[in-house]
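Novice: Residues per chain, in single letters:
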Amino acid sequence: MEKKRERKFLQGNDAVALGALYAGCKFYAGYPITPSTEVAERLAAWLPKNGGRFIQMEDEISAMAAVIGASLAGKKSLTATSGPGMSLKLENLGYGYMAEVPCVVLNVMRGGPSTGTPTGPGQADIMQARWGTHGDHPCIALTPSTVYEQFSQTVRAFNLAEKYRMPVIILSDEIIGHMREAIEVPLEGELEVIEREKPACAIDEYKPYDNSVLVPKMASFGQGYRYHVTGLNHDEYGFPTNSAKLIGLQEERLIKKVEENYDDIVQVEHFMCEDAEHIIFAFGSSARASKDAVLNLRKKGVKAGLLKPLTIWPFPDREISEYASKVKDITVVELSVGQSVREVSRAAGGRCNIKHIYKVDSKPISPVDIEKAVEG
Amino acid sequence: MRYDIRFSGSGGQGIITAGILLAQAAAIKAGKNAVQSQSYGPEARGGASKAEVIISDDEINYPKIISPDIVISLTQEAYNKYAVDLKDEAVIIVDNTLVHEYKQDGHKVYAVPITASVKELLGSAVSANIATLGVVNEICKIMEHQWLLDVVISNFPERAAENNTKAYNLGIDLAKKVME
Chain A
164 MEKKRERKFL QGNDAVALGA LYAGCKFYAG YPITPSTEVA ERLAAWLPKN GGRFIQMEDE
224 ISAMAAVIGA SLAGKKSLTA TSGPGMSLKL ENLGYGYMAE VPCVVLNVMR GGPSTGTPTG
284 PGQADIMQAR WGTHGDHPCI ALTPSTVYEQ FSQTVRAFNL AEKYRMPVII LSDEIIGHMR
344 EAIEVPLEGE LEVIEREKPA CAIDEYKPYD NSVLVPKMAS FGQGYRYHVT GLNHDEYGFP
404 TNSAKLIGLQ EERLIKKVEE NYDDIVQVEH FMCEDAEHII FAFGSSARAS KDAVLNLRKK
464 GVKAGLLKPL TIWPFPDREI SEYASKVKDI TVVELSVGQS VREVSRAAGG RCNIKHIYKV
524 DSKPISPVDI EKAVEG
Chain B
19 MRYDIRFSGS GGQGIITAGI LLAQAAAIKA GKNAVQSQSY GPEARGGASK AEVIISDDEI
79 NYPKIISPDI VISLTQEAYN KYAVDLKDEA VIIVDNTLVH EYKQDGHKVY AVPITASVKE
139 LLGSAVSANI ATLGVVNEIC KIMEHQWLLD VVISNFPERA AENNTKAYNL GIDLAKKVME
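Taken in order, these protein sequences are the chains called A and B.
So for the first sequence, the numbering used here puts the first residue at 164; every next one is plus one.
So for the second sequence, the numbering used here puts the first residue at 19; every next one is plus one.
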């Protein structure tokens, strides 16, 4: 008998946990924080039953360190947090980029700087995700806006992490994390699951940071290959170096891993954009309100469309650029005084009008407000 | 068909659970689109909280309710805060155990002694949220009672099934009385 997808009524955070299991995640370390805690709760129950390990750490810094350690030992690893915890993870996140350690970091965004509004949504950690940790570094960040996407984008986050050997961030928000809706859970094999490429060469030939390829193969600790892991700029064997040539090659390679794979990494959804004169750019919970706004505007005869990024980093410059030369205006909707709007303006390069509607009072933006912004 | 249903009460009364159960039954048993969301403060107990459920044949995008068809309030504070922006034809259900000041005109208003009746029948008010589901579904005819009751029973340990069934049926009876 042909197996059918099971219909489940799930919370957004539950779907991340379920997606992590689907992707083969075997390790979670974290420190609970609203509105992300349910991810830890589910995985505390589910991981041990699925051959994995769960550990609640003393804080977010150590949780990020534990996730990096588990990944070096060959296990797909996840941590989940919200803004205040993300601030703490940043140092070790940078270590993850430098040492090229695959892992997934979920930030369920809430309001405000510091502890802000724990139970209110926010979308103001966009720039933190990109530039929070210091130095030039690559960044991949995904923005789901439905419970199903919480599942599917988590699977994709693990895939991208393994494929490009780097941490991948999922930027969800309180509304998407806490809301519940039904999803049809994909069957095993239905969604692609990418496994880490491991070396098979002779032990003394292994270069964990081989600059002649974009993504060097990664040996698990305990597999027999010996190498050094450090946050310092290193040579191809992982040992610290002061060679300008090696430092330069490595830095450039880190960035190129993402830059040269834009088409593979950047995903956007175009909703009624084909004949649109007005584009709305929105992600996460704001994209849901924007979709209703598009439907309502169409009923009034206004040719509106929604450009919804599922990848916010790298920023979908090419898609925005394409619309910028066709449409009258792009309205950016975000729960931030203005983070993604600056990027949209940059990508549009003055070729169309840019409008902006935002809210930072812990409440979401309603479809009516968005319609007014587009029409106004 | 679309229902925008807002449950409101105080943290700890189980209104978010009630919302989840109703939405789950609609999504899984009735095969509808259903979205549940909530709003609450930083406190685990007390304060006014709400759970919102949207049930629709069409796709549901914006997950929050702009103007409800049905509002249920279990406390005065929750009534004052959340029985607002109602549609003209809206149904308001107040638990008059704790809600004493409410508008009687303008909408279809039902005052039902939910918490007090559950306490009297079962010795504890812990299943008041389940009785509330019985009340709402009997008044508003959202779905078959059995579908909702099945979901209620399957979401709790077996030992709770008897009391939850009693509470749910009590809700139906209470609703019948106020509709007479």
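Think of the hints as simulated: they come from the structure by calculation, not from any bench.
Nothing here was measured: the structure is a model prediction, and the numbers come from that model.
There could be a bad hint or two in this list.
[Stated by the list, open to error] Each computed DMTMM-like pair below joins lysine to aspartate or glutamate, with the alpha-carbon atoms no more than 20 Å apart:
#1 A:171 - B:191
#2 A:420 - A:438
#3 B:159 - B:138
#4 A:518 - A:538
#5 A:462 - B:123
#6 A:462 - B:162
#7 A:370 - A:347
#8 A:326 - A:415
#9 B:159 - B:191
#10 B:47 - A:440
#11 A:189 - A:399
#12 B:159 - B:95
#13 A:491 - A:422
#14 A:326 - A:367
#15 A:462 - A:482
#16 A:171 - B:180
#17 B:105 - A:455
#18 A:526 - B:76
#19 A:380 - A:368
#20 A:326 - A:347
#21 B:121 - B:138
#22 B:99 - B:123
#23 A:380 - A:353
#24 B:137 - B:191
#25 A:380 - A:415
#26 A:535 - A:492
#27 A:526 - A:455
#28 A:171 - B:103
#29 A:189 - A:204
#30 A:518 - A:480
#31 B:121 - B:106
#32 B:126 - B:87
#33 A:171 - B:76
#34 B:47 - A:347
#35 A:462 - B:176
#36 B:99 - A:347
Novice: For every hint, state whether the structure bears it out.
Specialist: Against the structure, the hints:
Between residue 171 of chain A and residue 191 of chain B the CA atoms are separated by roughly 31 Å; this puts the pair beyond 20 Å, and the hint is violated. As the CA atoms of residue 420 of chain A and residue 438 of chain A are separated by approximately 35 Å, the hinted pair breaks the 20 Å bound. A distance of roughly 26 Å separates the Cα atoms of residue 159 of chain B and residue 138 of chain B; the hinted pair therefore is violated under the 20 Å criterion. Distance check on the hinted pair: residue 518 of chain A and residue 538 of chain A sit about 10 Å apart at the alpha-carbon level, within 20 Å; holds.
Taking the CA atoms of residue 462 of chain A and residue 123 of chain B, the gap is about 34 Å. The hint is violated against a cut of 20 Å. Our distance criterion of 20 Å between C-alpha atoms is broken by residue 462 of chain A and residue 162 of chain B, whose separation comes to about 34 Å. About 43 Å separates the Cα atoms of residue 370 of chain A and residue 347 of chain A, which puts this hinted pair outside 20 Å; it is violated. Proximity of residue 326 of chain A to residue 415 of chain A is assessed by CA-CA distance (about 18 Å); at most 20 Å being required, the pair is judged to hold.
For the proposed pair residue 159 of chain B and residue 191 of chain B, the alpha carbon gap of about 14 Å is at most 20 Å, so the pair holds. Note on residue 47 of chain B and residue 440 of chain A: the hinted pairing is violated, with a Cα-Cα distance of about 41 Å set against a maximum of 20 Å. Restraint check for residue 189 of chain A and residue 399 of chain A: the C-alpha separation of about 28 Å exceeds 20 Å, so the hint is violated. Our distance criterion of 20 Å between C-alpha atoms is broken by residue 159 of chain B and residue 95 of chain B, whose separation comes to about 27 Å.
Taken as a hint, the residue 491 of chain A and residue 422 of chain A pair is broken in the structure, with Cα atoms around 29 Å apart against an allowance of 20 Å. Between residue 326 of chain A and residue 367 of chain A, the direct Cα distance comes to roughly 24 Å. Violation of the 20 Å bound is thereby established for this hinted pair. A C-alpha spacing of about 26 Å is found between residue 462 of chain A and residue 482 of chain A, which places the hinted pair above 20 Å, so the restraint is violated. For a cut-off of 20 Å, the pair hint linking residue 171 of chain A to residue 180 of chain B is broken: about 25 Å separates their Cα positions.
For the hint linking residue 105 of chain B to residue 455 of chain A, the alpha-carbon distance of about 19 Å falls within 20 Å, and the restraint holds. This hinted pair does not check out: residue 526 of chain A and residue 76 of chain B have alpha carbons roughly 24 Å apart, beyond 20 Å. A hinted pair counts as satisfied when its Cα atoms are at most 20 Å apart, and residue 380 of chain A with residue 368 of chain A qualifies at roughly 12 Å. Taking the CA atoms of residue 326 of chain A and residue 347 of chain A, the gap is near 26 Å; set against the 20 Å cutoff, the hint is violated.
For a cut-off of 20 Å, the pair hint linking residue 121 of chain B to residue 138 of chain B is broken: about 27 Å separates their Cα positions. Taking the CA atoms of residue 99 of chain B and residue 123 of chain B, the gap is about 18 Å. The hint holds against a cut of 20 Å. Restraint check: the Cα-Cα separation between residue 380 of chain A and residue 353 of chain A comes to about 26 Å, which exceeds 20 Å; the hinted pair is violated. Taking the CA atoms of residue 137 of chain B and residue 191 of chain B, the gap is about 15 Å. The hint holds against a cut of 20 Å.
With a C-alpha separation of about 18 Å, the suggested pair residue 380 of chain A and residue 415 of chain A falls inside the 20 Å cut-off, and the hint holds. Distance check on the hinted pair: residue 535 of chain A and residue 492 of chain A sit about 14 Å apart at the alpha-carbon level, within 20 Å; holds. For the hint linking residue 526 of chain A to residue 455 of chain A, the alpha-carbon distance of about 17 Å falls within 20 Å, and the restraint holds. Using a Cα cut-off of 20 Å, the hinted pair residue 171 of chain A and residue 103 of chain B is violated, with the two alpha carbons roughly 32 Å apart.
Note on residue 189 of chain A and residue 204 of chain A: the hinted pairing holds, with a Cα-Cα distance of about 15 Å set against a maximum of 20 Å. Restraint check for residue 518 of chain A and residue 480 of chain A: the C-alpha separation of about 17 Å stays at or below 20 Å, so the hint holds. Straight-line distance between C-alpha atoms of residue 121 of chain B and residue 106 of chain B comes to about 14 Å, which keeps the hinted pair within the 20 Å bound. Taking the CA atoms of residue 126 of chain B and residue 87 of chain B, the gap is about 10 Å. The hint holds against a cut of 20 Å.
Among the hinted pairs, residue 171 of chain A with residue 76 of chain B is consistent with the structure: their alpha-carbon atoms are about 18 Å apart, no more than 20 Å. Of the supplied pair hints, the one linking residue 47 of chain B and residue 347 of chain A holds, its CA atoms being roughly 14 Å apart against a limit of 20 Å. The hinted pair formed by residue 462 of chain A and residue 176 of chain B fails the criterion: a straight-line CA distance of about 49 Å is larger than 20 Å. Taken as a hint, the residue 99 of chain B and residue 347 of chain A pair is broken in the structure, with Cα atoms around 36 Å apart against an allowance of 20 Å.
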